[in-house]
Amino acid sequence: MHHHRAIEITNLCYIYPDGTEALRNIDLSIENGESVALVGPNGAGKSTLILHLNGLLRGEGEVRIFGLPINDENVREIRRRVGVVFQDPDDQLFSPTVFDDVAFGPLNMGLPREEVERRVGKALEAVGMAGFEKRAAFHLSFGQKKRAAIATVLSMEPDVLVLDEPWGNLDPRGRRGLLNVLQSLPVTRLIVTHDLFYTMELCDRVVMMDGGRIIADAPLAQILADEGILEEHGLELPQTELKIPPTADRKVRGNLRPLHPANGGVKEA
Amino acid sequence: MRHSYLDSFSNLDSPIHRLEARAKIILFFALVVVCVTTPAKAYPAFAGYLLVLLVLLFLSRLPLKHVFKRALVVVPFVLMVAAFIPFLKTGVIGGGYNLGGMTISQSGLLVLWNVVVKSSVGVLSMILLSSTTPFDGLLKGFERLKVPHIFTTIAAFMYRYSFVLVDEAMRMKQARDSRNFKGRWIWDAKVIGHMIGNLFMRSYERGERVYLAMLARGYDGRSRTLEGERISTADVFFVITVMTLVVLVRILGSRGMFL
Ligand SMILES: Nc1ncnc2c1ncn2[C@@H]1O[C@H](COP(=O)(O)OP(=O)(O)O)[C@@H](O)[C@H]1O
Ligand SMILES: [Mg+2]
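Read top to bottom, the protein sequences are chains B and P.
All letters in the first sequence, in the order written, are residues 1206 to 1474 by our numbering.
All letters in the second sequence, in the order written, are residues 11 to 269 by our numbering.
Think of the hints as simulated: they come from the structure by calculation, not from any bench.
Hints should not be assumed to be uniformly reliable.
Claimed, not checked - The calculated DSS-like cross-link candidates involving lysine-lysine, where the alpha carbons are at most 30 angstroms apart (straight line), are:
(1) B/LYS1339 with P/LYS156
(2) P/LYS79 with B/LYS1339
(3) P/LYS79 with P/LYS128
(4) P/LYS51 with P/LYS128
(5) P/LYS51 with P/LYS79
(6) P/LYS75 with B/LYS1339
(7) P/LYS200 with P/LYS183
As the list claims (entries may be wrong) - Between beta-carbon pairs, the in silico distance windows are:
(8) B/ASP1277 with P/ARG71: 49 to 59 angstroms
(9) B/ASP1409 with P/ARG71: 52 to 62 angstroms
(10) B/PRO1377 with P/LEU89: 49 to 59 angstroms
(11) B/ASP1409 with P/ARG212: 37 to 47 angstroms
(12) P/LYS200 with B/ASP1277: 46 to 56 angstroms
(13) B/GLU1436 with P/PRO158: 55 to 65 angstroms
(14) P/LEU209 with B/CYS1218: 33 to 43 angstroms
Bear in mind the structure is a predicted one, so any value in this text is a computation, not a measurement.
Glycine residues also receive a C-beta, built at the ideal position from the N, C-alpha and C atoms.
Chain B extracted, bound-state conformation (with noise of 0.2 angstroms):
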């Protein structure tokens, strides 16, 4: 089998039934084992493109997981590889408890019980949930409920991981055990986010969507040295600057990658 990305992309177009154009003309490509952020203000149309990288919505143009084109005949194996964990963890976790809701992928790929429940098992232990297999998701604090919702999805072992801002309403300590294990998951990630602070640890590879279209696509490094970029789509410089490589050029918006050599890539203000 010869060589194929993750996640393919090409000219990618959604409109909602009530006419909102949520995504235009998007192309992306994530190799295998790459970690990239995927930022943007409110409405930009990420959560929108999540939700096509699994064949829940179905836009015009394609996209490709490990070169399967999503049909009919695929989604199945697709939504195995492709995990996604969404927004609010109490859409996630659905079941009576913990570990039914784990269990709920493997059961629905058909495994025989020693597998899921082994399954089950491991994915608890890698969000550091184990034991918490009988407890009620509504009995968790929502940190916990949290990781109970990636574990809900690790369990079907994807080999692409996407979370819809995992950040969102933890407090400083749990994001940081969240991105503890995230940082331990050895999968491809993309992962939605406006909080650049915690994409530093994660992701060397930033990709910036507004108004439906990606505007920019470059090293982490390089997002980050422009001020003006982030300030233009709504985002904030990360409180502290320690992290920032100090070879990194303050003005380097000349050299983001243009994406759409037609629309001039990066937008200039």
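The hints should help you fit chain P with the ligands onto chain B, whose structure is shown.
Leaving out everything else, chain P with the ligands in the frame of chain B:
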């Protein structure tokens, strides 16, 4: 926010807690059916049922205060019945009311006794069942007793999201009250109407998002569960013993053999 959970105290350990969920469901439902079908005049039988329940309660080590508080749920219903029944015409159960004369008929009193004692046994049984079995265990028990999946799933979702909904309602109420809302009649009904509509929309959207989360993990409309633990011989033995006892109580009690 603090919720009062349906299955509080279900994590204690006692012989009753350790019984398999199916065994407990069968036991308590059978007990209720036997009790409800007992003629109201078989007074000793009811004493027998209550005695059996008290022994089970004692074995379960549930705090009496909790059981008592839960049992108060029936009181309003009993009072409602109590308010009307004594005025029933003699010999006509469920017949016309004699509001003018205020006569308290004997058959009315019998109906009242019937309602009070049977609802007490029913409520006590259900409290024992729900306080000694975690909610998910109950659901799985019903599932394995071949209750259609659609019912157990609806019950599971209702239970799971009622807490989320109550939290949302509380937050909305706080937001409203912190803007000095005072419930003053008609024009405030509009505010409350908006709140209910808002809650409905939120639940609807939540439902859609939960469904997406299910699809994302390979859901295709069929539900699959793991095989549960087996019913042990001890469970079967316990249920049979108690049920034999209850049936004996009923037969002997109806014949007045205890008197
Ligand atoms: N179900 C929907 N129906 C119609 N429009 C929607 C729906 N979901 C999102 N949108 C719109 O699509 C755009 C992109 O939304 P979204 O992908 O949620 O952005 P983000 O996640 O970046 O905040 C926004 O303008 C939003 O209002
Ligand atoms: Mg979003």
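Against the structure, the hints come out as follows:
1. Proposed proximity of B/LYS1339 and P/LYS156 is supported: the alpha carbons are some 23 angstroms apart, at most 30 angstroms.
2. Only pairs whose Cα atoms come within 30 angstroms are accepted, and P/LYS79 paired with B/LYS1339 is accepted, the gap being roughly 27 angstroms.
3. Taking the CA atoms of P/LYS79 and P/LYS128, the gap is near 18 angstroms; set against the 30 angstroms cutoff, the hint holds.
4. In summary, the hint linking P/LYS51 to P/LYS128 is supported, as the alpha carbons are separated by about 12 angstroms, within the 30 angstroms threshold.
5. Among the hinted pairs, P/LYS51 with P/LYS79 is consistent with the structure: their alpha-carbon atoms are about 28 angstroms apart, no more than 30 angstroms.
6. Proposed proximity of P/LYS75 and B/LYS1339 is supported: the alpha carbons are some 26 angstroms apart, at most 30 angstroms.
7. Note on P/LYS200 and P/LYS183: the hinted pairing holds, with a Cα-Cα distance of about 14 angstroms set against a maximum of 30 angstroms.
8. Separated by about 55 angstroms at the C-beta atoms, B/ASP1277 and P/ARG71 satisfy the suggested range of 49 to 59 angstroms.
9. About 57 angstroms separates the C-beta atoms of B/ASP1409 and P/ARG71, a value consistent with the hinted range of 52 to 62 angstroms.
10. Taken as a hint, the range 49 to 59 angstroms holds for the pair B/PRO1377 and P/LEU89, whose Cβ atoms sit roughly 53 angstroms apart.
11. Between B/ASP1409 and P/ARG212 the beta carbon distance is about 38 angstroms. The supplied range of 37 to 47 angstroms therefore holds.
12. Distance hint check for P/LYS200 and B/ASP1277: the Cβ-Cβ separation is about 47 angstroms, which falls inside the suggested range of 46 to 56 angstroms.
13. Take B/GLU1436 and P/PRO158: their Cβ atoms lie about 57 angstroms apart, and the range 55 to 65 angstroms holds.
14. A hinted range of 33 to 43 angstroms holds for the C-beta pair P/LEU209 and B/CYS1218, which are about 35 angstroms apart.
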